[in-house]
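K.L.:
These protein sequences, in sequence, are chains A and B. Here the first sequence is numbered in my numbering, starting from 1 and rising by one per residue. Here the second sequence is numbered in my numbering, starting from 1 and rising by one per residue.
Calculated directly from the structure, the hints in this document are not laboratory data. Keep in mind that a hint or two might mislead.
Incomplete in silico selection of chain B near chain A, CB under 7 Å [claimed, not checked]: (1) Trp156; (2) Glu158; (3) Gly284.
Listing some non-contacts, in silico: residues in chain A with all C-beta distances to chain B over 10 Å [stated by the list, open to error]: (4) Glu2; (5) Leu6; (6) Thr7; (7) Arg11; (8) Leu16; (9) Gln64; (10) Ser65; (11) Asn71; (12) Val84.
Cβ atoms here follow ideal geometry from the backbone N, Cα and C, with glycine treated the same way.
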Amino acid sequence: MENFNLTIADREFLVLLGSSGCGKTTTMRMIAGLEEITGGEILIDGKRINDLDPKDRDVAMVFQSYALYPNLDVYENIRFPLKVRKIDPAATCPSRGNTEPSCTAPTRSSA
Amino acid sequence: MSLSPALRPTTSIKVSAYLTLAIWCVFAAFPIFWISAMSLKAPIDAFSSNPFAVILGFETRRLGVGLSVIDLLWIGLALWGGWHVATRRLPRLVAGLAEVTGPVAAWALAVTGFAVAALLVAVVILPVLVLHADAWMGPLATPVMGVTGAHYRSVWVEFEFYRNFLNSLMITAGVVTVSLTVGTLAGFGLARCRARVAFWILIAALVFRALPHSVLVAGYLPAFINSSEILAPILGEAAPTLYGMPLPVIFVLVAINQPFTIWLLRSYFANIPPELDEAARVDGCTYFQAFRLVIVPVMWPGVITAGLFSFLLGYNDYLVTSLLLDAQNQTMVPGIASFFNRETTSTDQVRAVAAAVSITAPLFLLVMVFQKQIVSGLTAGAVKG
Numbered sequence: 001m002e003n004f005n006l007t008i009a010d011r012e013f014l015v016l017l018g019s020s021g022c023g024k025t026t027t028m029r030m031i032a033g034l035e036e037i038t039g040g041e042i043l044i045d046g047k048r049i050n051d052l053d054p055k056d057r058d059v060a061m062v063f064q065s066y067a068l069y070p071n072l073d074v075y076e077n078i079r080f081p082l083k084v085r086k087i088d089p090a091a092t093c094p095s096r097g098n099t100e101p102s103c104t105a106p107t108r109s110s111a
Numbered sequence: 001m002s003l004s005p006a007l008r009p010t011t012s013i014k015v016s017a018y019l020t021l022a023i024w025c026v027f028a029a030f031p032i033f034w035i036s037a038m039s040l041k042a043p044i045d046a047f048s049s050n051p052f053a054v055i056l057g058f059e060t061r062r063l064g065v066g067l068s069v070i071d072l073l074w075i076g077l078a079l080w081g082g083w084h085v086a087t088r089r090l091p092r093l094v095a096g097l098a099e100v101t102g103p104v105a106a107w108a109l110a111v112t113g114f115a116v117a118a119l120l121v122a123v124v125i126l127p128v129l130v131l132h133a134d135a136w137m138g139p140l141a142t143p144v145m146g147v148t149g150a151h152y153r154s155v156w157v158e159f160e161f162y163r164n165f166l167n168s169l170m171i172t173a174g175v176v177t178v179s180l181t182v183g184t185l186a187g188f189g190l191a192r193c194r195a196r197v198a199f200w201i202l203i204a205a206l207v208f209r210a211l212p213h214s215v216l217v218a219g220y221l222p223a224f225i226n227s228s229e230i231l232a233p234i235l236g237e238a239a240p241t242l243y244g245m246p247l248p249v250i251f252v253l254v255a256i257n258q259p260f261t262i263w264l265l266r267s268y269f270a271n272i273p274p275e276l277d278e279a280a281r282v283d284g285c286t287y288f289q290a291f292r293l294v295i296v297p298v299m300w301p302g303v304i305t306a307g308l309f310s311f312l313l314g315y316n317d318y319l320v321t322s323l324l325l326d327a328q329n330q331t332m333v334p335g336i337a338s339f340f341n342r343e344t345t346s347t348d349q350v351r352a353v354a355a356a357v358s359i360t361a362p363l364f365l366l367v368m369v370f371q372k373q374i375v376s377g378l379t380a381g382a383v384k385g
């Protein structure tokens, strides 16, 4: 990737299009922090995030495949980001008091 | 699942396949069956040229206890019950325990509990049944098979084979722990690393894997003998002479086994899509958390397989343990070898055979408990998302 400039406004919906191998995925991976960048800057909210770990960038990403953790059930899959960040689901979303799981393994419910 | 007629094997193929399997089973099972039969007999029967004497123990029956049809039924029932508990009940129990203690501790507890229960049944409950339940059974209770546990008693009690057993346990546990810790971390790192160095590290590992074990032992031996001098600058007065202690044996066995473990685990990790740990990292995990919370649970069958291979290496090793351990730290395999080397009377030889059977018993227990994991580990290829 060379000479690429992009500014996305708050609440903007942006679609990247291009032929295969042109760097759409690489761009997103660089924003998420999964790909090291050799030059330039990435800013979110005016803050430089080049050296931040993916977990500290507060981004979400849906992968082309394998979006589910096969060892966890549906509830645990959804709760996982909260769990690793040690956030109590009930406290985050008080209107949804009932956080009891309906447990099915992802392989069964998403196949 | 029914195959289409074109793919269905013909009768002759089926017959020859089952025949081959049956013959192979007989060949594979014969030695263990035969030494089990020998170890329970008086020397006259054990070394008799008449195979029926070895199996049925005519002389042994005259000398001491025999097993009746009822007793054989009891033993069959105990074996079946053990198998049933290990395959049906235990996994559920472990699943329940794992919620509280975590999976590793749950399995360790389950294995220990099962082993203790099996030992209790085999050493306490069965003999009581065999000795005392015969009285009111009438004609079915007449002994048909001579059996004596005397050799096992002398091996384990008189010759203190349990020491060897405990030493084996310690060394095997050490080898498995170290090689799995290093192996999973290194395997994951090497599977995800795209640098050229990773390739050369793997080639180097392969070269070290190809070294004969004797080279490693011979190379380490002088260092271990002189270790108190070598380590003196770091540890001062407390520097130990490592030769004869279990720690250096664990060290050498890990050195022998580690390249293989790393290769094995690396290929398992390579089969797990990188998206999985990347998704975990975007979801808020550090690199290590992604490894521990997402990758290792998916990898479980592979870890079990690698652990099994390290276990077998540590458990069965003769060369390293016999050369590097002193008498009180001796493991089971060199212990058995020394039983065979005594060879003064034929009783000694039957004792050696009994010791050789004793070393396989823990393996049977482990296979019974872990059979599902072992099979899934050996057959698991890719992970489906």
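K.L.:
Hint by hint, note whether the structure agrees.
P.N.:
How the hints compare with the structure:
1. Contact between B/Trp156 and chain A, as hinted, is not supported at the beta carbon level, the nearest pair being about 42 Å apart and thus beyond 7 Å.
2. For B/Glu158, the suggested interface contact is broken, since its CB lies about 50 Å from the closest CB of chain A, more than 7 Å.
3. At a threshold of 7 Å, the smallest CB-CB gap from B/Gly284 to chain A is about 5 Å, leaving the interface hint in force.
4. At roughly 20 Å from the closest C-beta of chain B, the C-beta of A/Glu2 stays outside 10 Å, upholding its exclusion from the interface.
5. With a cut of 10 Å on Cβ distances, A/Leu6 stays outside the contact zone with chain B, its closest approach being about 19 Å.
6. At roughly 22 Å from the closest C-beta of chain B, the C-beta of A/Thr7 stays outside 10 Å, upholding its exclusion from the interface.
7. No Cβ of chain B approaches the Cβ of A/Arg11 within 10 Å, the least distance being about 21 Å, so the stated non-interface status holds.
8. The Cβ of A/Leu16 sits about 18 Å from the closest Cβ of chain B, beyond the 10 Å cut-off, so the non-interface label holds.
9. The Cβ of A/Gln64 sits about 7 Å from the closest Cβ of chain B, inside the 10 Å cut-off, so the non-interface label is violated.
10. Consistency note on A/Ser65: stated as away from chain B, yet its beta-carbon is not over 10 Å from all of that chain's, at 6 Å minimum.
11. The beta carbon of A/Asn71 is not kept farther than 10 Å from every beta carbon of chain B, the shortest such distance being approximately 4 Å.
12. Against chain B, the non-interface label of A/Val84 is violated: not every CB pair exceeds 10 Å, the least being about 5 Å.
Checked against the numbered hints listed earlier, the structure breaks hints 1, 2, 9, 10, 11, 12; every other hint is satisfied.
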